[in-house]
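Position chain E relative to chain F; hints supplied.
Going down the list, the protein sequences come from chains F and E. Each residue of the first sequence is one higher than the last, beginning at 1 in the UniProt record's numbering. Each residue of the second sequence is one higher than the last, beginning at 1 in the UniProt record's numbering.
Don't take every hint at face value.
[Claimed, not checked] Calculated lysine-lysine pairs in the DSSO-like style (CA-CA distance at most 30 Å, straight line): (1) K333(E) / K41(F); (2) K36(E) / K118(E); (3) K32(E) / K50(E); (4) K36(E) / K63(E); (5) K289(E) / K41(F); (6) K336(E) / K41(F); (7) K390(E) / K209(F); (8) K336(E) / K390(E); (9) K256(F) / K154(F); (10) K209(F) / K41(F); (11) K336(E) / K236(E); (12) K41(F) / K390(E); (13) K408(E) / K41(F); (14) K148(E) / K118(E); (15) K209(F) / K408(E); (16) K55(E) / K129(E); (17) K349(E) / K336(E); (18) K259(E) / K224(F); (19) K349(E) / K41(F); (20) K148(E) / K50(E); (21) K6(F) / K258(F); (22) K82(F) / K258(F); (23) K328(E) / K236(E); (24) K148(E) / K55(E); (25) K63(E) / K51(E); (26) K258(F) / K154(F); (27) K63(E) / K118(E).
What the hints contain is simulated information worked out from the structure, not anything from laboratory work.
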Amino acid sequence: MLKILKYSFYDLMRSRWSYVYFLFYLALGFVLLFLNNDLSKAVITLMNVIIVLVPLISTIFGVMYFYNSREFTELLLAQPLKRTSIFLGQYFGVASSLTLSLILGLGIPFVLYGLFRSEAIWDFSLLLITGAFLTLIFTVLAFIIALANENRIKGFGYAVLLWLFLAVIYDGLFLLSLILFEEYPLDNYSLVAITLNPIDLSRTLILLKLDISALLGYTGAVFKSYFGTRMGLFISIGMLLLWTILPIWRLAYMSKRKDF
Amino acid sequence: MGRFQLLWVLLLFVGTSLWGKTIEVCASCEVKSITKGVVLAADYDTLLIKKGTYKEFNILIDKPLTLLGENYPIIDGEEQGEIIRIVSDNVTLDGLFIINVGTSYTSDYAAIRVVRSKNFLIQNVVLEKLFFGIYLEKSNHGKVYHNKIIGDAVDEYNSGNGIQLWYSHNIEVDHNIVQGVRDGIYLEFSDHITINNNESTNNLRYGLHFMFSNDDVYTNNTFERNGAGVAVMFSKRIKMVGNTFRQNWGTAAFGMLLKEINDAEIVGNTFEENTIGINIEGSNRIVYKNNNFVNNGWAVKVLGACYTNSFINNNFLYNSFDISYNSKLNDNKFEKNYWSNYTGYDLDKDGIGDVPYRPVKLFSYIVNRTPETIVLLRSLFMDIIDFSEKVSPVFTPDDLLDDMPLMKRTR
Numbered sequence: 001m002l003k004i005l006k007y008s009f010y011d012l013m014r015s016r017w018s019y020v021y022f023l024f025y026l027a028l029g030f031v032l033l034f035l036n037n038d039l040s041k042a043v044i045t046l047m048n049v050i051i052v053l054v055p056l057i058s059t060i061f062g063v064m065y066f067y068n069s070r071e072f073t074e075l076l077l078a079q080p081l082k083r084t085s086i087f088l089g090q091y092f093g094v095a096s097s098l099t100l101s102l103i104l105g106l107g108i109p110f111v112l113y114g115l116f117r118s119e120a121i122w123d124f125s126l127l128l129i130t131g132a133f134l135t136l137i138f139t140v141l142a143f144i145i146a147l148a149n150e151n152r153i154k155g156f157g158y159a160v161l162l163w164l165f166l167a168v169i170y171d172g173l174f175l176l177s178l179i180l181f182e183e184y185p186l187d188n189y190s191l192v193a194i195t196l197n198p199i200d201l202s203r204t205l206i207l208l209k210l211d212i213s214a215l216l217g218y219t220g221a222v223f224k225s226y227f228g229t230r231m232g233l234f235i236s237i238g239m240l241l242l243w244t245i246l247p248i249w250r251l252a253y254m255s256k257r258k259d260f
Numbered sequence: 001m002g003r004f005q006l007l008w009v010l011l012l013f014v015g016t017s018l019w020g021k022t023i024e025v026c027a028s029c030e031v032k033s034i035t036k037g038v039v040l041a042a043d044y045d046t047l048l049i050k051k052g053t054y055k056e057f058n059i060l061i062d063k064p065l066t067l068l069g070e071n072y073p074i075i076d077g078e079e080q081g082e083i084i085r086i087v088s089d090n091v092t093l094d095g096l097f098i099i100n101v102g103t104s105y106t107s108d109y110a111a112i113r114v115v116r117s118k119n120f121l122i123q124n125v126v127l128e129k130l131f132f133g134i135y136l137e138k139s140n141h142g143k144v145y146h147n148k149i150i151g152d153a154v155d156e157y158n159s160g161n162g163i164q165l166w167y168s169h170n171i172e173v174d175h176n177i178v179q180g181v182r183d184g185i186y187l188e189f190s191d192h193i194t195i196n197n198n199e200s201t202n203n204l205r206y207g208l209h210f211m212f213s214n215d216d217v218y219t220n221n222t223f224e225r226n227g228a229g230v231a232v233m234f235s236k237r238i239k240m241v242g243n244t245f246r247q248n249w250g251t252a253a254f255g256m257l258l259k260e261i262n263d264a265e266i267v268g269n270t271f272e273e274n275t276i277g278i279n280i281e282g283s284n285r286i287v288y289k290n291n292n293f294v295n296n297g298w299a300v301k302v303l304g305a306c307y308t309n310s311f312i313n314n315n316f317l318y319n320s321f322d323i324s325y326n327s328k329l330n331d332n333k334f335e336k337n338y339w340s341n342y343t344g345y346d347l348d349k350d351g352i353g354d355v356p357y358r359p360v361k362l363f364s365y366i367v368n369r370t371p372e373t374i375v376l377l378r379s380l381f382m383d384i385i386d387f388s389e390k391v392s393p394v395f396t397p398d399d400l401l402d403d404m405p406l407m408k409r410t411r
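Chain F on its own, in the form it takes in the complex:
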């Protein structure tokens, strides 16, 4: 598995796309800092970017890579190799190269602008951690979609739909349900609902850092213990881990059964 991981990783390192991705983040980081010249404000803007763009790029990139390397995968399948190690190796190759581009691309401009001397360093590292989690999660979801659909157009369609659903539609439906049932106690429901969506989950993680004073304004004991103590942080990170591990396990399971 490590060999395949290494191969995929180097393959991507050589490919144009990871450079484009890397350069995109690099440019974004520099432009943001150039326009704002204020680390804490840039962190807020960056949060929006990470929550929206990282899932989108990971999904598209994951699907694209899987379809493109299909012939190579078939070649590998003919060898005496474990199936899980072929697919997981490819997955980890893609995910780690994307994560690396993200961390380096955003890290370099911020470090150059004096991140280590600033108080924003914790907010920033939290951003990078959630960004890495989102990359891992959405790449594996993309792989699952690609593995389940032979038809490329369909695969791309589902992948984009998945992103659209989790990034926008889910929140819309969630808001609608909150307003419809506003007479009922909703704090448990709303906390469960945000943990069921990895994008919302990473958003709350960042909110815990940036907007804690607003979150504490709501009068509910459940909210208070969730946001006011360390519990929120631990639960969110735990759920993100679950969101990463469960789909990977599913991918391994699917790869064993798949007919080629």
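Frame of chain F, contents of chain E only:
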């Protein structure tokens, strides 16, 4: 006013050194207790209290005296009741350490109570384990300077206030540190008070509380981690300048709470990391100028019946919500503020954005209605509907806008 008081204090000192004598109080002296010392002393004498522990309470000071502590002698009230009561003009307390004031549900026992007296000076006093700290009752022209009040209050119903003024006028409260009591500083029916350079932190209810008190000024104070920083209620013409309100967090926590306040000036204050920076209710003709609102949940929450207020030259930086309204009516003016969320441009380079800024978001309206939706803060969906509301306001007051938003923050 200050000059007048200074003169008095000076006169007092000159007076004591000229014709007052000094009585020493200590465990091995002739006079062993403060009560006895007060009885023996003549007008304008000084009681020099040496280091030691004095287990006394209900010390009645009924003549103009100076009680001077040497190395902070401890006066232990053993929770029996009130400790020092001043009923004479021209009394000075200096350098005492007073602990264990009795708790009562029927009378407000205080460590130091001043009743119907003038020209008193209470300075360098440390109070611990108290019920009420310094209680000024119908006393005028005094000074409470550089005291430290450290309470251990847990519940509001059985705790008292640090410094309480009741029907007292022309008092200076300066350089005090108050923490862990119910209200740090409490004013009721007290006019012409100046409150400067105090630090009021970790109090159960309010750092500073005004009730029916007019024409007061407070400047350069710090209010941190209180139930609410400052509550100004039913008062007129209060000046609030250069204060800092920080980390007043919680469900009903405000940096500043204004209720039925008219004609006040709020200038150059900093509101940082409060759940609600300023909560305004029924307050008219207030000028907000040069304030900084940084990282608050709500910078300003307007609850209604607020007319002709003006917000000029303030900085609104990184607040989750800048302004929140609960009605569609607006009679307040926002002009030349800096909003960190402003996304407009300045083509003619005059430092003023060409597009007006709308500080009230649709989302804040939704959160007012269904508070649980706060978890959707900063989500893409919310940004989209906020944007559409910005383009054509339906739910938020459409005349509430800053026509001249600044491009750079004011200093």
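Now for the hints, and whether the structure bears them out:
1. Taken as a hint, the K333(E) and K41(F) pair is honoured in the structure, with Cα atoms around 27 Å apart against an allowance of 30 Å.
2. Note on K36(E) and K118(E): the hinted pairing holds, with a Cα-Cα distance of about 24 Å set against a maximum of 30 Å.
3. With a C-alpha separation of about 10 Å, the suggested pairing of K32(E) with K50(E) holds against the 30 Å cut-off.
4. Proposed proximity of K36(E) and K63(E) is supported: the alpha carbons are some 13 Å apart, at most 30 Å.
5. Distance check on the hinted pair: K289(E) and K41(F) sit about 23 Å apart at the alpha-carbon level, within 30 Å; holds.
6. Under the criterion of a C-alpha separation no larger than 30 Å, the hint pairing K336(E) with K41(F) is consistent with the structure, at around 21 Å.
7. Under the criterion of a C-alpha separation no larger than 30 Å, the hint pairing K390(E) with K209(F) is consistent with the structure, at around 27 Å.
8. Taken as a hint, the K336(E) and K390(E) pair is honoured in the structure, with Cα atoms around 19 Å apart against an allowance of 30 Å.
9. This hinted pair checks out: K256(F) and K154(F) have alpha carbons roughly 22 Å apart, not beyond 30 Å.
10. Of the supplied pair hints, the one linking K209(F) and K41(F) holds, its CA atoms being roughly 13 Å apart against a limit of 30 Å.
11. Of the supplied pair hints, the one linking K336(E) and K236(E) holds, its CA atoms being roughly 26 Å apart against a limit of 30 Å.
12. Of the pairs offered as hints, the one joining K41(F) and K390(E) holds, with about 21 Å between alpha carbons and a cut-off of 30 Å not exceeded.
13. For the given pair, K408(E) sits about 14 Å from K41(F) by alpha-carbon distance, which is consistent with the 30 Å threshold.
14. For the given pair, K148(E) sits about 22 Å from K118(E) by alpha-carbon distance, which is consistent with the 30 Å threshold.
15. Proposed proximity of K209(F) and K408(E) is supported: the alpha carbons are some 26 Å apart, at most 30 Å.
16. Distance check on the hinted pair: K55(E) and K129(E) sit about 14 Å apart at the alpha-carbon level, within 30 Å; holds.
17. With a CA separation close to 15 Å, the supplied pair K349(E) and K336(E) stays within the 30 Å bound.
18. Distance check on the hinted pair: K259(E) and K224(F) sit about 26 Å apart at the alpha-carbon level, within 30 Å; holds.
19. Of the pairs offered as hints, the one joining K349(E) and K41(F) holds, with about 23 Å between alpha carbons and a cut-off of 30 Å not exceeded.
20. Proximity of K148(E) to K50(E) is assessed by CA-CA distance (about 20 Å); at most 30 Å being required, the pair is judged to hold.
21. For the hint linking K6(F) to K258(F), the alpha-carbon distance of about 24 Å falls within 30 Å, and the restraint holds.
22. Our distance criterion of 30 Å between C-alpha atoms is met by K82(F) and K258(F), whose separation comes to about 13 Å.
23. Restraint check for K328(E) and K236(E): satisfied, since their Cα atoms lie roughly 27 Å apart, inside the 30 Å limit.
24. A hinted pair counts as satisfied when its Cα atoms are at most 30 Å apart, and K148(E) with K55(E) qualifies at roughly 20 Å.
25. For the hint pairing K63(E) with K51(E), the CA-to-CA distance comes to about 23 Å; that is within 30 Å, so the pair holds.
26. Between K258(F) and K154(F), the direct Cα distance comes to roughly 18 Å. Compliance with the 30 Å bound is thereby established for this hinted pair.
27. Between the alpha carbons of K63(E) and K118(E) the distance comes to roughly 12 Å, so the proposed pair stays at or under 30 Å and holds.
Checked against the numbered hints given earlier, the structure satisfies every one of them.
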